[in-house]
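Peer 1: Between the sequences and the hints, there should be enough to build the whole structure, so can you do that?
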Amino acid sequence: MSKIKIAYLLLVHKNANQVNIFINQLLNYGDCDIFIHVDCKNSFLESQLIRTPQIHIISKYNVRWGSFEIVKAAMELMRLAKASGNDYSHVYLGSGQDLLVKKGLYEYLDSKPNITFIRINKRITENDRESARYRISWPKKLMVRNDMHFYRFIRIFLQFLCKTGIVLFKNNRVYKDSLLFYEGRTWFIAPIAVMDYIVEYVNKRVDFYDYWEDSLASDLMFFQTIIMNSPFREKIEDELMYVKFGKTFKTMNHPVTITNKDVCLIEAGNFFCARKFELEEKEAIDYFINKIRQIYTQLHNNKNFSLF
0 MSKIKIAYLL
10 LVHKNANQVN
20 IFINQLLNYG
30 DCDIFIHVDC
40 KNSFLESQLI
50 RTPQIHIISK
60 YNVRWGSFEI
70 VKAAMELMRL
80 AKASGNDYSH
90 VYLGSGQDLL
100 VKKGLYEYLD
110 SKPNITFIRI
120 NKRITENDRE
130 SARYRISWPK
140 KLMVRNDMHF
150 YRFIRIFLQF
160 LCKTGIVLFK
170 NNRVYKDSLL
180 FYEGRTWFIA
190 PIAVMDYIVE
200 YVNKRVDFYD
210 YWEDSLASDL
220 MFFQTIIMNS
230 PFREKIEDEL
240 MYVKFGKTFK
250 TMNHPVTITN
260 KDVCLIEAGN
270 FFCARKFELE
280 EKEAIDYFIN
290 KIRQIYTQLH
300 NNKNFSLF
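Residue numbers for the sequence shown follow numbering that gives the first Met the number 0, beginning at 0 and rising by one.
Misleading hints may appear alongside valid ones.
Simulated DEER-style distance windows between Cβ atoms [claimed, not checked]:
id, residue 1, residue 2, range
1, 198, 146, 29 to 35 Å
2, 160, 279, 22 to 28 Å
3, 163, 259, 43 to 49 Å
4, 50, 113, 19 to 25 Å
5, 253, 278, 15 to 21 Å
6, 122, 198, 21 to 27 Å
7, 150, 50, 34 to 40 Å
8, 204, 64, 22 to 28 Å
9, 148, 199, 21 to 27 Å
With a straight-line cut-off of 27 Å between C-alpha atoms, the simulated DSSO-like cross-links for lysine-lysine are [stated by the list, open to error]:
id, residue 1, residue 2
10, 275, 4
11, 275, 40
12, 203, 71
13, 139, 59
14, 101, 260
15, 275, 260
16, 169, 139
17, 246, 234
18, 13, 243
19, 81, 40
20, 111, 275
21, 4, 121
22, 175, 121
23, 13, 140
24, 13, 290
25, 4, 81
26, 71, 13
27, 243, 71
28, 281, 13
29, 4, 59
30, 101, 13
31, 13, 59
32, 203, 81
33, 162, 139
34, 111, 121
35, 81, 13
36, 13, 111
37, 234, 81
38, 234, 71
39, 121, 243
40, 4, 169
Simulated from the structure, these hints should not be mistaken for laboratory data.
None of the values given here were measured: they were computed from a predicted structure.
Glycine is no exception: its CB is placed at the ideal position from the N, C-alpha and C atoms.
Peer 2: See below:
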């Protein structure tokens, strides 16, 4: 019998119906608890989400695009999971737009109990454009999600200047120790010891936490930097989540919606979950709902078992 028990940490900002589909998958798939942060500007979603003793919901931060609030919300969920006192083997940091897409996640984690699954793209130096994310104290008004908004071009310009050594709106916050900065993707699955390390590190290193307050897209560097400066860096493998980024100027900076055309790519890879799903692409969602439902039926000895 698998010893895996997962603390799922989900950042939610829209569409309770879709989130409930994912919650049902998780509750019926394996031993877990689910910790959810609902973006406080959409706090009405709280009342629309499934409630069971395994589900814990908070709504504390207004998670604006590009802002540090996404890290703050994730840290709040980590502290909540840690304070629960439950004996988890792993932590999953994800969003309400994820779905399980393949059986075997618990067995796979059981076979690699000490591996952190996270996408680390590269180490960042001051010669990299990405260093502008923490070297600049970003004006809040520039954090606009619209890919073709004039402010995006201002952000690109400021990042280019930073790469050349000209830092406008310099981040004057300081942190005590020398660190190597790393950039990657936000979401990860890791042994619970990694989450505990992150929480303890942040509790002890308030200077590091505060350093990111006015950063841009800190979720792409904050956890990655902590992990890659820790003993856990020796046991890193690529993420288990399928994510597809756009290829045009308008779509290249964020995941695009999964459609039925992605099914073959997902099933050909080593992916146990995927994002992002939208209810408008019902065919893709239905495919994976039905696939996982069949797994439930097998797990429950073909009894009358329903996802909903």
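Peer 1: All hints, please: hold or fail.
Peer 2: These are the hints, each one checked on the structure:
For residue 198 and residue 146, the hinted distance range of 29 to 35 Å is satisfied, since their beta carbons lie about 34 Å from each other. For the hinted restraint 22 to 28 Å between residue 160 and residue 279, the CB-CB distance of approximately 39 Å leaves it violated. About 44 Å separates the C-beta atoms of residue 163 and residue 259, a value consistent with the hinted range of 43 to 49 Å. Between residue 50 and residue 113 the C-beta distance comes to about 34 Å, which lies outside the given range of 19 to 25 Å.
A beta carbon spacing of about 18 Å between residue 253 and residue 278 agrees with the range 15 to 21 Å that was offered as a hint. For the pair residue 122 and residue 198, the supplied restraint of 21 to 27 Å holds, since their beta-carbon distance comes to about 24 Å. Checked against the hint of 34 to 40 Å, the C-beta distance between residue 150 and residue 50 comes to roughly 39 Å, which is consistent with it. At about 26 Å, the beta-carbon gap between residue 204 and residue 64 stays in the expected band of 22 to 28 Å.
Hint check: residue 148 to residue 199, Cβ distance near 39 Å, so the stated range 21 to 27 Å is violated. Only pairs whose Cα atoms come within 27 Å are accepted, and residue 275 paired with residue 4 is accepted, the gap being roughly 24 Å. The hinted pair formed by residue 275 and residue 40 meets the criterion: a straight-line CA distance of about 21 Å does not exceed 27 Å. For the given pair, residue 203 sits about 16 Å from residue 71 by alpha-carbon distance, which is consistent with the 27 Å threshold.
For the given pair, residue 139 sits about 19 Å from residue 59 by alpha-carbon distance, which is consistent with the 27 Å threshold. With a C-alpha separation of about 17 Å, the suggested pairing of residue 101 with residue 260 holds against the 27 Å cut-off. For a cut-off of 27 Å, the pair hint linking residue 275 to residue 260 stands: about 14 Å separates their Cα positions. Restraint check for residue 169 and residue 139: the C-alpha separation of about 14 Å stays at or below 27 Å, so the hint holds.
Of the pairs offered as hints, the one joining residue 246 and residue 234 is violated, with about 31 Å between alpha carbons and a cut-off of 27 Å exceeded. Distance check on the hinted pair: residue 13 and residue 243 sit about 20 Å apart at the alpha-carbon level, within 27 Å; holds. About 26 Å separates the Cα atoms of residue 81 and residue 40, which keeps this hinted pair within 27 Å; it holds. Of the supplied pair hints, the one linking residue 111 and residue 275 holds, its CA atoms being roughly 26 Å apart against a limit of 27 Å.
Proximity of residue 4 to residue 121 is assessed by CA-CA distance (about 31 Å); at most 27 Å being required, the pair is judged violated. Taken as a hint, the residue 175 and residue 121 pair is honoured in the structure, with Cα atoms around 23 Å apart against an allowance of 27 Å. As the CA atoms of residue 13 and residue 140 are separated by approximately 22 Å, the hinted pair is consistent with the 27 Å bound. For the suggested pair residue 13 and residue 290, the alpha carbons sit about 24 Å apart, so the restraint of at most 27 Å is met.
Simply put, residue 4 and residue 81 have alpha-carbon atoms about 13 Å apart, close enough for the 27 Å limit, and the pair holds. This hinted pair checks out: residue 71 and residue 13 have alpha carbons roughly 18 Å apart, not beyond 27 Å. With a CA separation close to 25 Å, the supplied pair residue 243 and residue 71 stays within the 27 Å bound. Using a Cα cut-off of 27 Å, the hinted pair residue 281 and residue 13 holds, with the two alpha carbons roughly 16 Å apart.
Taken as a hint, the residue 4 and residue 59 pair is honoured in the structure, with Cα atoms around 26 Å apart against an allowance of 27 Å. For the hint pairing residue 101 with residue 13, the CA-to-CA distance comes to about 24 Å; that is within 27 Å, so the pair holds. Between the alpha carbons of residue 13 and residue 59 the distance comes to roughly 15 Å, so the proposed pair stays at or under 27 Å and holds. Note on residue 203 and residue 81: the hinted pairing holds, with a Cα-Cα distance of about 16 Å set against a maximum of 27 Å.
For a cut-off of 27 Å, the pair hint linking residue 162 to residue 139 stands: about 21 Å separates their Cα positions. The hinted pair formed by residue 111 and residue 121 meets the criterion: a straight-line CA distance of about 24 Å does not exceed 27 Å. Distance restraint check for residue 81 and residue 13: the Cα-Cα separation of roughly 26 Å lies within the 27 Å cut-off, and the hinted pair is therefore satisfied. For the suggested pair residue 13 and residue 111, the alpha carbons sit about 33 Å apart, so the restraint of at most 27 Å is broken.
Restraint check for residue 234 and residue 81: the C-alpha separation of about 22 Å stays at or below 27 Å, so the hint holds. Distance restraint check for residue 234 and residue 71: the Cα-Cα separation of roughly 26 Å lies within the 27 Å cut-off, and the hinted pair is therefore satisfied. With a C-alpha separation of about 19 Å, the suggested pairing of residue 121 with residue 243 holds against the 27 Å cut-off. The hinted pair formed by residue 4 and residue 169 fails the criterion: a straight-line CA distance of about 43 Å is larger than 27 Å.
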